[in-house]
Amino acid sequence: MSQPDLLAIRNLSVSFPADRGRTTVVQNLSLTVSPGETVALVGESGSGKSVTSLAVTRLLDYGPGRIDAGEIRYRDRDGTVRDLVRENAESMRRLRGPEIAMIFQQPMSSLNPVMRIGEQIAEAIVQHREIGWSEAEAEALQLLERVRIPDARRQLKRYPFEISGGMRQRVMIAIALASRPRLLIADEPTTALDVTVQAQVLRLLRELRNDLGTGLLFITHDMGVVAELADRVVVMRGGERVEEGSVTQIFGAPVHAYTKSLLAAVPVLGSLAETPLPAPFAIPPEKAVPQDTVAAGAPILQVRDLVTRFDVRNAFGMLNARVHAVEQVNLDIQPGETLALVGESGCGKSTLGRSIVRLETPRSGQIVFDGKDVLGADAEANPELRRGIQYVFQDPYSALDPRLTVGFSIAEPIRTHALRQGAAVTDRVAELLELVGLPTHFAARYPHELSGGQCQRVGIARALASEPRLIIADEAVAALDVSIRAQVVNLLMALQRRLGLSCLFISHDMAVVERVSHRVAVMYLGQIVEIGPRQAVLTSPQHAYTRRLLAAVPIPDPARRRRELAIDDSEVPSPLRAPDDNPTVAPLVEVGPGHYVARHPVGGSY
Amino acid sequence: MLFFLRRLVGAIPVLFAVSIFVFGFVRVLPGDPARLVAGADATEQEVASARQSLGLDRPIWEQYVRYVGASLKGDLGVSSRTREPVIDVIAARFWPTLWLTLAAMGWATLAGTFIGVWAGTKRGRWQDQVAMLVAIGGLSFPGFWLGFLLINLFSVHLGWLPTGGFDSWLSLLMPSFTLGVGVAAVLARFSRSAFVDVAGEDFVRTARSKGLRERRVIWRHGVRNALIPVVTLTGLEFGTLLGGAIVVETVFAWPGLGRLLVDSIAFRDYPVIQAEILLLSAEFLLINLVIDMLYGVLNPEIRLRS
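Residue numbers (this note's numbering), protein chains in the order written: chain G, 1 to 606; chain R, 1 to 306.
These aren't lab readings, by the way, just hints derived from the structure by calculation. It is possible that some hints are incorrect.
[Claimed, not checked] Residues from chain G shown here face chain R by an in silico Cβ test under 7 Å; the list is partial:
| no. | residue |
| --- | --- |
| 1 | Leu59 |
| 2 | Arg93 |
| 3 | Arg96 |
| 4 | Gly97 |
| 5 | Met102 |
| 6 | Gln106 |
| 7 | Ser109 |
| 8 | Ser110 |
| 9 | Leu111 |
| 10 | Asn112 |
| 11 | Val114 |
| 12 | Ala124 |
| 13 | Gln127 |
| 14 | Tyr159 |
| 15 | Phe161 |
These figures come from a predicted structure and were not determined experimentally. We put the CB at the ideal spot given by N, CA and C, even for glycine.
The following block holds chain G by itself, in its conformation from the complex (with noise of 0.2 Å):
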């Protein structure tokens, strides 16, 4: 066989122990990765991606995996071919940094939390150098300043959980370029981060590779990222390579069923942009036809003037500063209607959305359901106004009790508001389960034995039993794979179409947005800055932090990759502010029918 330039997968199999026997999650699975290019591992869960990435570094080794076939070469600095799968442990060690290095999903858990920034690079400097700590912490400063962490030298002193994510995200990338790998393995990088946090990470690894000539696997499930950032892309599905092909190949002609039915489940944003109404994924066979469910009259839900705080209280139980988690929000909600909100982690959208439900107290402000005012003083004993607005939560697994059966998480609403008795009570929650496409013998189920995308879809048959008029969905698609997410959109969708619900859509995605709703609503830093119909907000937005936010979403389609974008490195400003410092809030301005926008100063940077 060819020897690799870098790497060379041939025939790997990988097994994990099962209840009886192993396994098989990797197999037989081929790829290539030379110097200086991008291989994008492309799959859903399972897939099998990540553990590829862990049989390369055997870090494999400290878990239940085996390799059980195949062989990894990989060619090391000096020249010398090794195959990775027959190394000792202690050579495999010494690849680890300064040959091969891993970024990995989750910046706020791969980080020691108790180490501080600076000495977590400095050891990967001194482990595999002859030189000392203080040389090393210098190192570990231009590190920093290379992948822009502002005032970096104050950073190196400080803890994981003193920085937010995208900064955890910028230093587990320089721990990884501290030994100067020739291959970077980098596993779902950007995942957990916002869509801007995200253009600049993405960015800064392309730079990365460019000047350093590193190769780069990318371990990803977004086709969006694929697009902006491969050379060539490798599709998995069940432990298997199913498609392997250049990017334009790949995205332009297709050649396997999985490959296509993955990209229809794509969102693409503007892909709406001529039609003012929602429509579903177009998953063959269904067609994408725009629904308009959005009944007249008087709006369902009436939300002014919310304002939710929290007080921040120092050891002796003195107030040190609040969170101006939601201030002054206005928005009103119509029978059938969809409103997203969108917004990046900590702008307030979820705290919005628990307020309307009191799952959080609002300090002032008025709720109006249904014609009767949430937060008034009987409103407590009012069982019907709980039932009328029902939530559905980001994490489909922790949602659910996982000690209670499907169907006794779905029943409990029906016998706590008392909607049915006895028997009806079981008819009634098989119906559910066919109403959001699962068997009715899930009822016996008990959480761990579904998917992620079953368990949604009895988090949603459980918002569904209360019969609600207003659905909260928060994130409700964000964990959810491509392809399980689009078939969970359109049951949502469908569910609005039949039942004329209405849905408060909370959600950081802007491409599903695009799908799924009517009108939009932007938050920044507690306020909504901009309001309005969706195709006006998406397609003209006037404010500036809607425009940054629209221009941070990748697009999957690599003929439309960005050259070099203006991203701007700052970070969002804190919603905390000392407690008499209360933020300027003004009246949002028309500028078309229905569309509103903030034009007073919000929080600094705009």
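Place chain R on chain G using the hints.
Only chain R this time, still in chain G's reference frame:
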């Protein structure tokens, strides 16, 4: 520092509550201290005068107020058994017990954590299973029985160590070992599972991906984080140790507070019992305060947030 002061102030009401509880509790014990002081053959008058001199004829709330008032001035009363000031009785017994518990705690913490982490690194292998078997054994050994076994072996048969008393540092060996076994076993089991949890964390994988030596991965990244819950448990285990000291001191004729407590209860020596339990509670609170400080040292998030 502020945090420390605040916690110190917070301990005061706890001590008051303990004092009320103990004060009431000793007085519902069956038995009459006045009769014990006056002697078995004493007349009713002699008992009455003894009662009066002990202040036991006053209403109970008045006794309590006097007691607290005097205590705040540093006067803990007079032992009704020996007629010595309580403070002297306790001071004489304080140091032996302190050495005993510190020695026991010291070796138990070090050995327990070390064995636990070591077993954790060998998870599922025979070393792990043997270590955990030994730990279960240590947990199930009654302290007094182990004490007698040790005395039998090292003092009676081999004659290496004294059977009891506190004459030299050598005599500290057996009692502190006996006292610490249970704690070491609990800590070994607990630090093993704490380490196994941490070893599965993402940042340990990151540490390995840097190509760090396994020793550094385990001690610098793993153990440092695993210690955080272990330290909390250590503070709680200190209570077990104080309780265990009563038994161990009796077995080894150790001139400490534990034996004093047993003797005082037998004699219904209210002032000594009260003072001693208060002291033990204060000790427990102080140790846990120190533990909380340690927690801040280990976990920067706690330190910097408060």
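Do the hints match the structure? See the list:
1. Residue-level restraint check for G:Leu59 holds (minimum Cβ-Cβ distance to chain R is 6 Å; threshold 7 Å).
2. Interface restraint check: G:Arg93 against chain R, minimum CB-CB distance 5 Å, threshold 7 Å, status holds.
3. Given hint, G:Arg96 at the interface with chain R, holds; its Cβ is 4 Å from that chain's nearest Cβ, closer than 7 Å.
4. This hint holds: G:Gly97 has a C-beta 4 Å from the nearest C-beta of chain R, less than the 7 Å allowed.
5. Given hint, G:Met102 at the interface with chain R, holds; its Cβ is 4 Å from that chain's nearest Cβ, closer than 7 Å.
6. Interface hint status for G:Gln106: upheld, as the beta-carbon distance to the closest one in chain R is roughly 6 Å, under 7 Å.
7. For G:Ser109, the interface hint holds, the least distance from its beta-carbon to any beta-carbon of chain R being 4 Å, beneath 7 Å.
8. With a cut of 7 Å, the hint placing G:Ser110 at the interface with chain R holds, because the nearest CB-to-CB distance is about 4 Å.
9. With 7 Å as the threshold, the beta carbon of G:Leu111 comes within range of chain R, its nearest partner Cβ sitting at about 6 Å, so the hint holds.
10. Evaluation of the G:Asn112 hint against chain R yields a held restraint, the C-beta minimum of about 4 Å falling below 7 Å.
11. With a least beta-carbon distance of about 6 Å to chain R, the hint placing G:Val114 at the interface is held under the 7 Å criterion.
12. This hint holds: G:Ala124 has a C-beta 4 Å from the nearest C-beta of chain R, less than the 7 Å allowed.
13. Against a cut-off of 7 Å between C-beta atoms, the interface hint on G:Gln127 holds, since the closest Cβ of chain R lies about 5 Å away.
14. Because the beta carbon of G:Tyr159 sits about 5 Å from the nearest beta carbon in chain R, less than 7 Å, this interface hint is met.
15. Below 7 Å, beta-carbon pairs count as interface contacts, and G:Phe161 has one with chain R at about 5 Å; its hint therefore holds.
The structure is consistent with each of the numbered hints, conforming to all of them.
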